[in-house]
Amino acid sequence: MRDEEGSVRPPRRSRPLSGEEARLWAEIARLVTPLRSRAQPAPAPTPAPAKSIAPNAAVKPGKAATKAAGAPPPPPPGPPKPPGKRASRAMPVLTAAAMPYRAPAQAPSQPPSGLERRARLALRRGSLRVEARIDLHGMYQAEAHAALVGFLMRARAAGHAHVLVVTGKGGPSFDDAFSERGVLRRSVPHWLRAPDLRGVVIGFEEAARHHGGSGALYVRLRRR
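Residue numbers (the UniProt record's numbering): 1 to 224.
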């Protein structure tokens with residue numbers, strides 16, 4: 001560009017618009033109508049929303065639906081076929097390793113027998129002394145069993161050979177036979193034959209009358 005004096009003037013540098021200028025320019029630009037050749041393309045039409053079908057509206061069946069309705073129902077499934085040779089071979093077989101472990105049965109040791117004839121006669125006559133005794137009267141089975149085992153262990157530790165276990169005779173009536181006293185009279189011989197006492201008890205036998213008779217037992221212990 002040239003000024004009034006004919007000299008060439010350098011072009012002006014554009015500066016950024018301020019916030020107020022930018023707002024005014026935007027308002028002016030909205031008032032200007034663009035030329036046809038430079039007109040902006042019309043926005044694409046918004047698609048109309050699809051019409052919703054009422055839930056109670058009935059749909060007319062077509063030809064395919066009519067044919068499907070008229071077709072006969074499929075036959076029911078038959079019974080399952082038995083497995084063939086291949087299926088039976090494929091079934092898992094339980095081996096010895098898959099079976100649950102069971103402890104091998106142990107041969108029971110010799111249960112205690114009766115007393116020797118010489119010792120039995122000596123105890124009955126009083127020439128052989130009973131070294132210790134326990135009375136299980138009035139005890140329940142669990143209490144009596146624990147007391148009996150403890151007594152025999154202590155007697156063997158003390159070096160005793162012959163001890164007396166009093167169980168009680170039990171009455172002649174039905175109730176007395178099944179009372180704790182009658183149960184102990186039947187249970188104590190089984191306890192003395194049990195495996196946990198076979199290393200302690202050698203033998204036992206019914207006591208003499210003056211020691212309790214059928215309500216007591218002579219028990220011979222193993223020496224340590």
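Hint data in this document are derived by calculation from the structure and do not stem from the laboratory.
Worth double-checking, as some hints may not be accurate.
[Claimed, not checked] Computed spacing ranges between beta-carbons, pair by pair:
no., residue 1, residue 2, range
1, G159, A194, 21 to 29 angstroms
2, L121, D196, 24 to 32 angstroms
3, S127, D196, 26 to 34 angstroms
Heads up, the beta-carbon is just placed ideally off N, CA and C, and yes, glycines get one too.
Hint check:
Between G159 and A194 the beta carbon distance is about 23 angstroms. The supplied range of 21 to 29 angstroms therefore holds. In this structure, L121 and D196 meet the distance hint of 24 to 32 angstroms, their C-beta atoms being roughly 30 angstroms apart. For the pair S127 and D196, the supplied restraint of 26 to 34 angstroms holds, since their beta-carbon distance comes to about 32 angstroms.
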